[in-house]
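Student: We have chain A; now place chain E onto it with these hints.
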Amino acid sequence: MSRPSTEDRVLGALRWTVIAVAVVVTAGPLLYGFLLSLRPFQSVVSEPLDLIPSPDEITIDAYPTAMAEYGLGGNMWNSLQVALATAALAILFSVLGAYAAVRLRFLGRDTVNVVFLGVYLLPGIVLAVPLFVLLSRVGLTGTLVGLVFVYVAQTVPVALYMLRTYLVAVPSSVEESAMIDGCGRLALIRRVVLPLALPGVAATALYVFMIAWNEYLFALLFLVADRDRWTVSLGIAQLTEFSVPTTVLMAGSIAITVPVVAGFFLAQRLLVTGLTSGAEKG
Amino acid sequence: MRATSRGAVGVRAAERGTGRPAPEPPRGRRPKPLTLSRREDLHGRLLVSPTVIVVALFAVLPFLAVVLFAFLDVRLVDIPRLYLDNLVFTGENVAVVWNSPRFWSAATTTVVYAGASAAGAVLVGLAVALALRRPFRGRGLIRALVLVPYVLPVVAAATIWKTLLNPGYGLVNAVGVEWLGWSEPIAFLTTTSRDLGPFEVPVALLCVIAFEVWKTFPLAFLFITARLQVVPGDVEEAAQIDGAGKTRIFRHLLLPELAGVMALLGVLRFLWSFQNFNDIYLLTGGAGGTEVLAVRVYSELVVRANIGTASATGLLMTGMLLVVVAVYAWMVKRGRA
Chain A
0 MSRPSTEDRV
10 LGALRWTVIA
20 VAVVVTAGPL
30 LYGFLLSLRP
40 FQSVVSEPLD
50 LIPSPDEITI
60 DAYPTAMAEY
70 GLGGNMWNSL
80 QVALATAALA
90 ILFSVLGAYA
100 AVRLRFLGRD
110 TVNVVFLGVY
120 LLPGIVLAVP
130 LFVLLSRVGL
140 TGTLVGLVFV
150 YVAQTVPVAL
160 YMLRTYLVAV
170 PSSVEESAMI
180 DGCGRLALIR
190 RVVLPLALPG
200 VAATALYVFM
210 IAWNEYLFAL
220 LFLVADRDRW
230 TVSLGIAQLT
240 EFSVPTTVLM
250 AGSIAITVPV
260 VAGFFLAQRL
270 LVTGLTSGAE
280 KG
Chain E
0 MRATSRGAVG
10 VRAAERGTGR
20 PAPEPPRGRR
30 PKPLTLSRRE
40 DLHGRLLVSP
50 TVIVVALFAV
60 LPFLAVVLFA
70 FLDVRLVDIP
80 RLYLDNLVFT
90 GENVAVVWNS
100 PRFWSAATTT
110 VVYAGASAAG
120 AVLVGLAVAL
130 ALRRPFRGRG
140 LIRALVLVPY
150 VLPVVAAATI
160 WKTLLNPGYG
170 LVNAVGVEWL
180 GWSEPIAFLT
190 TTSRDLGPFE
200 VPVALLCVIA
210 FEVWKTFPLA
220 FLFITARLQV
230 VPGDVEEAAQ
240 IDGAGKTRIF
250 RHLLLPELAG
260 VMALLGVLRF
270 LWSFQNFNDI
280 YLLTGGAGGT
290 EVLAVRVYSE
300 LVVRANIGTA
310 SATGLLMTGM
320 LLVVVAVYAW
330 MVKRGRA
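Listed in order, the protein sequences are those of chains A and E. Under numbering that gives the first Met the number 0, the first residue of the first sequence is numbered 0, with each subsequent residue one higher. Under numbering that gives the first Met the number 0, the first residue of the second sequence is numbered 0, with each subsequent residue one higher.
Next comes chain A alone, as it looks inside the complex (with noise of 0.2 angstroms):
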């Protein structure tokens, strides 16, 4: 082996500086959220630099303020139900659309390709002009319905472009004999493609409703006038506006990324496949 260069040497430490940093600046502002969600407000104020809290202080208070006295807790809720009906529609719509995007040619299919890439690319603010004036119309804004509906349009192409792949992966052989033994079409991508396709379903539910839990603005235009139906990205973002202590802003902040960040490390592989198999908006 040859001594290593003056390059080898430059760049090995430059690899682990950039690996230091990386991981100071990813990980650091989540910690620093959650360090500061367990000291008392006076206690951060007085003394910014101390970022681990002394045994003595730590508290976990902000937690309970945050969600009875902010109403965290009913903005959480409904964010719950948008999130789990978004996801669930969005991939009931995908999963028959993916499964004849993949396995069947039909008429028009290339068409609907392109519009769905258009709508993936179409800003979202630009849409939201529209669906404001067109939903208030009709009286949906202020539901949660209208949102959900919003939310499933919004997601559903990238949902079955997600499923696309995961689907092509399932042996087309299988579904024929299925076919033979006289499967019909919805019973073959119900009790054969799905078993299947599971693990790659599980990972694109799971990455609609991500969306769909982190969503701000359709929240913001649809549903500001009225708290009690307040998601909880709206909550918080509403309370930053006012002089709500900032370990409260933080628990609350901790709270919504715990669910998120805790599924997104459990069906981390798969989404990573499917994700960067199809670029994702946002």
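If you're looking for bench data, these hints aren't it; they were derived computationally from the structure. Here the structure is a predicted model, which means the values were calculated and not measured. Idealized CB from N, CA, C, for every residue including glycine. Wrong hints could be hidden among the right ones.
[Unchecked claim] Label pairs and their in silico Cβ distance ranges:
| id | chain 1 | residue 1 | chain 2 | residue 2 | range |
| --- | --- | --- | --- | --- | --- |
| 1 | A | Pro198 | E | Arg250 | 36 to 44 angstroms |
| 2 | E | Ala237 | A | Val24 | 33 to 41 angstroms |
| 3 | E | Val301 | A | Val173 | 27 to 35 angstroms |
| 4 | A | Ala67 | E | Trp181 | 35 to 43 angstroms |
| 5 | E | Gly175 | A | Ile51 | 15 to 23 angstroms |
| 6 | E | Arg74 | A | Phe33 | 44 to 52 angstroms |
[Claimed, not checked] Chain A residues, not near chain E, derived (Cβ > 10 angstroms throughout):
| id | residue |
| --- | --- |
| 7 | Gly72 |
| 8 | Asn77 |
| 9 | Glu174 |
| 10 | Ala201 |
[Unchecked claim] A few chain A residues facing chain E, derived, Cβ under 8 angstroms:
| id | residue |
| --- | --- |
| 11 | Ala21 |
| 12 | Ile51 |
| 13 | Val101 |
| 14 | Gly107 |
| 15 | Ser232 |
Tutor: Positioned in the frame of chain A, the structure of chain E alone reads:
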């Protein structure tokens, strides 16, 4: 819930369609069952129809509406009296927006914001992907950690950043004043510009760009990592044996392999940062020289309650995006030819 029951009805209808023999009038002498390809065609259309309907109603129709609204004299208060037969057409909205200096300054800010964010995200993603290329103990965990900003709810991320940058008790200002000798805390998110030696630094704009890079580089990292995994290893090995240094291998072997995915990522990130509303609105509300087009659309709609000018702004914004898409498509086509 209404949504699910409607979905279920659709499914049942589709099931009926598949169960029965040919539902259409018989051709020729006797009713024939559908041929395989015709059945495929019918099933395909039925299966894709729920998706098509929801996308048509909640994405395509609104887009057509935005084109219409851009040429209507209509305000928020007019919504209850909005009927198809009493529309008042006008070219005023587009003219007003086009001639407004505020629109063009927002357009410039948007281009700078989107360009810098896209370039930053791709370059940082590349650096991290290269650093994490060779396996080492704990790489899996670090890879997962690096993805955290990408999955973090945007509201949580923005709230934490606002606290970090807070002039009163934020960590960044505390470090700056305490350890770096700043004379006073900096209100990062509201300062339009600040003299730093000979340069004038757009502080708030840089902050929102940094936020966007931070939030989106993980996606670039994922794509570049995926591409790096399929780079053939033998050529690289041969180059190494021939004594090529790592920088040269990168420049002449890896970079050409990665150029395609990096260009695609750059364009996609540009398109998405160009339309970004959440991050900027949450961090600065458009203050401090960070008013981008998306924030203008929002304030035309909500603050000025003018649907017409909001739609016109959105329409012009979409036009600009289309130009970018067209240029990219043309370049790809030319590259292939």
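Student: Give a verdict on every hint.
Tutor: Here's how the hints hold up against the structure:
| no. | hint | verdict |
| --- | --- | --- |
| 1 | A/Pro198 x E/Arg250: 36 to 44 angstroms | 39 angstroms, holds |
| 2 | E/Ala237 x A/Val24: 33 to 41 angstroms | 36 angstroms, holds |
| 3 | E/Val301 x A/Val173: 27 to 35 angstroms | 53 angstroms, violated |
| 4 | A/Ala67 x E/Trp181: 35 to 43 angstroms | 39 angstroms, holds |
| 5 | E/Gly175 x A/Ile51: 15 to 23 angstroms | 20 angstroms, holds |
| 6 | E/Arg74 x A/Phe33: 44 to 52 angstroms | 45 angstroms, holds |
| 7 | Gly72 | 16 angstroms, holds |
| 8 | Asn77 | 14 angstroms, holds |
| 9 | Glu174 | 12 angstroms, holds |
| 10 | Ala201 | 16 angstroms, holds |
| 11 | Ala21 | 5 angstroms, holds |
| 12 | Ile51 | 13 angstroms, violated |
| 13 | Val101 | 10 angstroms, violated |
| 14 | Gly107 | 7 angstroms, holds |
| 15 | Ser232 | 4 angstroms, holds |
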